[in-house]
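Each residue of the sequence shown is one higher than the one before, starting from 1 at the first, in our numbering.
Cβ-Cβ distance ranges computed for the label pairs, FRET-style: (1) Lys256 x Val358: 46 to 52 Å; (2) Val259 x Gly400: 37 to 43 Å; (3) Arg290 x Gly233: 39 to 45 Å; (4) Glu165 x Glu323: 42 to 48 Å; (5) Thr71 x Arg354: 46 to 52 Å.
Read the hints as simulated data drawn from the structure, not as lab findings. In this text, all values refer to a predicted model and were calculated from it rather than measured experimentally. Where is the CB? At the ideal position from N, CA and C, for every residue including glycine.
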Amino acid sequence: MPAFSFSNFLSSSSFSSSKGLISLLRSPFSIQPRRVVAAAAGASFFLSTATTMSLNLSSHAFAGNSIKAKTPKSTDPFGPNLAFDTLKTRILEAANGSPASPNFKVLPFRKGRPLAGTWDGGEDSSGSNWSMGWVNLVECRNLLSSYGMEMSCELFVYLGSRAEEGEVYWAVDVSDKNGAPLGEFGGRKFCFVELRTLMVATDWDDERAMTDLAIAGHARALLEWHSTSKFCGNCGGQMIPMEAGRRKQCINQSCKKRVYPRIDPVVIMLVIDRENDSVLLSRQSRFVPRMWSCLAGFIEPGESLEEAVRRETWEETGVEVGEVVYHSSQPWPVGPSSMPCQLMVGFLAYAKSREINVDKEELEDAQWHSRESVKKALANAEYKKAQRTAATRVSQMCRGVEKGLSLAADFNVESGELAPMFFPGPFAIAHHLISSWANQDLVVNGVQTQLRFPSSSLSSL
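Please take these sequences and the hints and turn them into a complete structure.
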């Protein structure tokens with residue numbers, strides 16, 4: 001099976017003038033949550049990428065979705081079935097001009113892009129004042145009307161709830177209709193923005209913003225799945241949403257086939273040479289210059305995750321892998337619409353051979369990199385600066401302002417020279433894999449510590 005490719009991500013960059021940085025940070029191959037648990041050593045420690053920033057993530061981007069942490073009971077008024085019944089009533093009230101309940105929050109999407117909003121009054125200390133474009137039912141009705149759509153309960157997909165705050169979350173898709181450009185309503189200015197762009201622009205110190213990002217990722221995965229599963233694969237009949245959009249069912253009475261949202265698993269692995277204290281990193285032809293990352297590939301039917309790691313590594317580089325250790329996983333809802341919910345499953349893979357034989361159909365190059373060079377590359381990259389630049393751009397997009405922002409300097413060394421190498425940014429799992437290996441030797445409370453990876457899970461994320 002072909003290896004997982006960056007091509008689908010790098011070729012669709014929203015920031016055409018700055019595609020190097022944004023493509024880099026959007027890729028699924030990097031994330032560095034700050035707290036890593038080493039079970040064998042029983043030690044907790046904190047990672048930072050040089051003096052420019054300190055990451056403070058308790059889970060990967062698109063994980064940690066608090067509104068779907070628990071499956072609600074059927075009798076729960078905030079659960080999908082009873083909430084959907086209430087939604088029908090709320091829609092009637094909204095259609096009649098009555099105020100909608102403020103506890104119903106809706107996130108509109110168009111062509112896979114969630115609504116983002118900003119407001120006048122200057123930018124905050126991070127250089128931005130944008131947020132996810134949640135609207136109430138009255139605002140949602142007005143938005144749908146601008147696209148020539150009538151608000152009906154069939155358009156809504158249930159996302160989850162916060163019962164303690166009295167909130168129920170929904171998503172709607174306006175991709176099928178043409179409409180006028182969004183303007184200002186509810187005191188905010190809106191536009192539809194690519195989810196990967198919002199991922200880069202989200203402040204990882206803002207817990208609520210990170211949760212909103214996870215909710216938006218879940219919403220996009222569900223909506224894209226609905227868009228690509230309109231007809232029954234068994235009989236060709238129409239598929240209709242059931243259980244507030246959590247599954248679909250064929251309307252053909254002799255079929256009634258049920259389908260559920262699909263997940264496409266991908267293994268991503270950092271291949272380690274223990275003897276030479278180095279790691280195997282690769283480049284694809286569509287990578288931005290000087291970027292290196294982990295190997296990755298889709299899992300084939302009939303193979304285990306560990307077998308997929310060994311097969312993909314051998315196919316792409318000719319390197320033989322022995323021990324395979326699970327690290328962590330990350331939902332990745334920003335792939336192509338044909339695969340709306342990929343799951344990146346991260347591993348540390350220990351090499352049994354060192355000679356490289358690159359498959360040029362899959363990779364441009366693959367090389368062993370020393371711990372010293374990896375640490376230096378991690379230290380040079382100013383990821384926080386990149387986040388703030390992206391956040392400013394999102395605010396400008398919502399206001400209808402397009403300014404050319406140069407992001408190339410974010411990966412220069414202090415002298416202003418180009419960094420010789422860098423990795424995907426802190427919102428994708430490869431960054432976590434790479435940095436967790438690079439920072440095995442840490443000083444904790446003044447004591448030099450050599451962490452030994454266990455033979456089971458490395459992460460409590």
